[in-house]
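Enquirer: Here is how the chains run, residue by residue.
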Amino acid sequence: MLSQPIKLVYDYNIMPSENRLRPMVLAKSLVKGYGDHLAVDGIDFAVYGGECFGLLGPNGAGKTTTLKMLSCISPLTSGELLLGGRSVTEEPHIVKALLGVVPQEENLDDDLTVLENLVNYARYYDVDAATALARAWEGLFLFQLGERADHRIETLSGGMKRRLLIARALIHQPSVLLLDEPTTGLDPQARHLVWQQLGALKQNGITMILCTHYMEEAARLCDRLVIMDQGKILAQGTPKELVHLHVGNEVVEMPSSVEMASNLVRMARQKGMEVEEHGDTIYMFSPNEQDDSRISELAAEQITVRAANLEDVFLRLTGRDLREE
Amino acid sequence: MRLPTYRSAKVWRRNRDVFLRLWKTEIGGIIAEPIVILTALVFGLGSYVEDISGRTYGEFVAPGIIASYAMFHAVFECTFSTYLRMETHRIFASIIVTPVSVEDLVAGEIAWGATRSTLTATAILSFTYVLGMVSSPWAILIIPVSFLVGLMFSSIAITITAIVPYLNSLNNFFTLFITPMWFFSGVFFPLNELPAPLSTLSWLLPLTSCVHLVRGLAFGHIDLSILWAFVVMIGFSVCFMALAFHVMRRRLIT
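Read top to bottom, the protein sequences are chains A and B.
The first sequence begins at 0 in numbering that gives the first Met the number 0 and counts up by one.
The second sequence begins at 0 in numbering that gives the first Met the number 0 and counts up by one.
Some hints here could point you the wrong way.
As the list claims (entries may be wrong) - Pulled a few chain B residues facing chain A out of the computed Cβ check, cut under 8 angstroms:
hint : residue
1    : R12
2    : R13
3    : I90
4    : A92
5    : I94
6    : I95
7    : P98
8    : V99
9    : H220
10   : I221
11   : I252
12   : T253
In case anyone wonders, no lab produced these hints; they're calculated from the structure.
Computed from a predicted model, the values in this text were never measured in an experiment.
Just so it is clear, CB atoms sit at the ideal spot from N, CA and C, and this is done for glycine as well.
The following block holds chain B by itself, in its conformation from the complex (with noise of 0.2 angstroms):
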């Protein structure tokens, strides 16, 4: 298999100057929705919840919101975003002839996919922690975790693009994976209050270890369970990005 190199940093440059041009755009997407979420949640729907195991509804909530908020922009990024590189304005193909390879172009969007996850994660840490929803010291890990959320999601995301005819077949991956995931991998309730067989299918999927891995360092319960979160989570991110890339490469090397 063809790795990709250093080059791939440009790529992700190429991005990061953009994002830098447009910040003005792109801020609202980073701190105002979830923090608009997480008040309606917390302060709103909240206060009708009981303590889940002697948390608060917010302290058992912002680790989810943490976790899915980091999925949802890998998965922006590296659907809607990629493909209209790809596709739409066909920068894709002036980078390929360029000494830059497929595996380069793929990685340095799934890194950019990751680094857009750590932005959005650690800008709803911060607000989290001003407001005590948060407070055990191992949170900060929460900030290279979201990395890795993104590393795994970006690497499903593109791996997708890669396959789509169109641009909106892409909303099928939403509505049918990434939404219904939301709901069924521990972000509002836990998920032991699922009937026993979907609670057990609910571990297959990818977001689920997110969730419980970022709950477990908000909480301070550290266990060989995270560590296990955490080994499914390299998992899902090297068969992902290996699938990526050679999905890419059929897509664009013809």
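Just chain A, same shape as in the assembly (with noise of 0.2 angstroms):
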């Protein structure tokens, strides 16, 4: 089922290349305050045309109440968000049907078919009947669900609501997709099948602001990227970029039991290193590091020198304490 490609038959506002050099999503000094507390503190960020855009952050960083923002639901407290040029405060009807959004919690219509859910949703966009129809088959062919057409929704198992709420989020040809945490609670497998078909989408030309807070996710799928606390941003740029600028290249762990810990971590020290305690792990760094001799030279028993990737600025950035709902 994997090894198939994935071939779209129909055209996803595919953007013409000059397309490429506005921005299609533009959040200018954002912010949503719920009460006293900031839930967005004054953001600024632009999407691309065809671009995939990831916003990375812990819970309760924000991610999810810019999606809602973006997605007209949510009103913004100050600041300015543009949506193909369309302001989401002021023509939300117009701004809501250039957007296809694949919701965190499942909320496909359990009264109604696979089928009909896709239908009965292109209604709401004023999709004529026939085109619905003819696009509902399409996405179920084009997400493997079409054999599932005429069942219940409560039939499917969690990877195929999620494929079919993304194909849902695409039954009127949207501009822009958003997708809030579109893998999490998925099994392996159907994480990978959801991912390939996201691709999928992306080599079709769609832009995506993606919010995640799998890394290796973030890693696949994104062009650039946000990292976000405590509704700040606190980094963005590429995934290597961002891995190369706040990490280098390798990342050293030892546990802290080692003998002769304080030495290797004095001379990482001499040698320019960064060095991160946590619990009873030591992490040593070289951010924007070119040459990486000096991380091998550390190398001795006991100790990981492993490649440094975006998990590793996303803890150094967000720190390592838990966070709570």
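Please dock the two separately framed chains into a single complex, following the hints provided.
Expert: What follows is the structure in structure tokens.
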């Protein structure tokens, strides 16, 4: 099933190349407050046509709130938010027509079948009945749900529901697809299938905004991303840039119980490396470093030297404390 | 204030489609229950009751049953069913990210509640007509009036639904408001049988105007008082619809 290449059978508002230079989504000094608490605290970002833009952050970082403001279901406290040049505050019905939304919580219509879910949802976007039916079948075929067309929603697996949510969000051929943790709760097989399908959509030029706290997902799909915490943007760039800038190419990990640990830490510091201790593990990074020779010099027993990844960046920037909902 | 648009029809159509798929389970509530209660009242209780202002008890109670079942169908639809769509199935969350606004959504739900009222009122009206309990040609107007009864009670019900914290909280709406109102709005006995302050107060209940209007049409008693009842129903409908838009927006848009 996974080996089949995915071919798109219909046109997803493919971006003309000049649009790739123009922001599809633009946030300026965006603020959202609930009482005294600022869920989003003055963020700026731009998403260009055809790119996949990631919003990363721990729980409570303000990712979902940002998506809610963009989908016009949460009024801005201040700032500006534009989609295709249209303000979410001034022209919500136009903005909503340009957006496809894949929610974090499954909200398919349990009273309707799989196919009816798509056809009925198309109606909300003024898609005519014949077009809706044709696109619904295309969507089911594309997301490998064709055999389930007449089934009830409750008979679908978690992965199928998630794919149906994506198919539903595409039914009106939106310009921008919002994905709020599209693979949370899925098993690895289902997750990989969703990633593959999102990758195919990206190849077809659809603009995507992806909220996630799976670093692997972000590294795989996002062209650019921001890391948020407590309503603020801490860093932004391509996944590679961020890793290089904040952690370097390799990370040294060792248990703090290692004999000579303090000597090794001193050596690392002398070499200009950054050291962090969390629980019983010591991490050593060399951010923005071209030459990795000094890391390998430290290599010894019980010491792991591994490739740095986005998760290291994420944990360095947002801290290792546990986040409650 | 934001007003609903043509998009409310899409919400109505979604509910209609589900209804048509499940009609076999719905049909009992539409016809069977009111017929059972009407049979019990007319042939059971009615045989002990004297004529009321020259009408048999069946003729007296039938319009009351039509009005109150129009009410019940609207309030059940726009409390429990609406709440389930909103919270349990989260369908509202999926709708409001489309170009359908909260006002479109609420108006569509209200219109659907009113449609259910019309369906049940039409069914009972036909049944009572066949049994000769309703005979005036004016009675045909009960069909559009039942839609208004539905609009009014759907608006009231959805206002409540938008403010309750839990599904079970809706029970209070029935036990403290709907059921008592049913007994004090002239469905089962003429209101002038009540002690003076009570009979005056009962005119404040929204169902009282509905019963008065439907009974006037069923009897063919067309006078200024049924026009007043009509105006009161329009007033309740407009006020509660506006309130429903407001409280539902506050619940869904955060």
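Enquirer: Each hint needs a verdict: does it hold in this structure or not?
Expert: Quick rundown of the hints versus the structure:
Taking 8 angstroms as the C-beta contact cut-off toward chain A, the hint placing R12/B at the interface holds, the least distance being around 7 angstroms. About 6 angstroms separates the beta-carbon of R13/B from the nearest beta-carbon of chain A, less than 8 angstroms, and the hint is met. Interface hint at I90/B: satisfied, since its Cβ lies 6 angstroms from the closest Cβ of chain A, which is below the 8 angstroms cut-off. Interface hint at A92/B: satisfied, since its Cβ lies 5 angstroms from the closest Cβ of chain A, which is below the 8 angstroms cut-off.
Using the Cβ-Cβ criterion of 8 angstroms, the hint placing I94/B at the interface with chain A is satisfied: the shortest such distance is roughly 6 angstroms. At about 6 angstroms, the closest approach between the beta carbon of I95/B and any beta carbon in chain A falls short of 8 angstroms, and the interface hint on this residue holds. A least Cβ separation of about 4 angstroms between P98/B and chain A falls short of the 8 angstroms threshold, and the interface hint therefore holds. For V99/B, the interface hint holds, since its Cβ comes within 8 angstroms of a Cβ in chain A; the closest pair sits about 5 angstroms apart.
Given hint, H220/B at the interface with chain A, is violated; its Cβ is 43 angstroms from that chain's nearest Cβ, farther than 8 angstroms. With a cut of 8 angstroms, the hint placing I221/B at the interface with chain A is violated, because the nearest CB-to-CB distance is about 42 angstroms. Because the closest C-beta pair between I252/B and chain A is about 6 angstroms apart, less than 8 angstroms, the hint holds. The criterion of a C-beta within 8 angstroms of any C-beta in chain A is met by T253/B, whose closest approach is roughly 6 angstroms, and the hint holds.
Comparing the model with each earlier hint shows violations of hints 9, 10; every other hint is respected.
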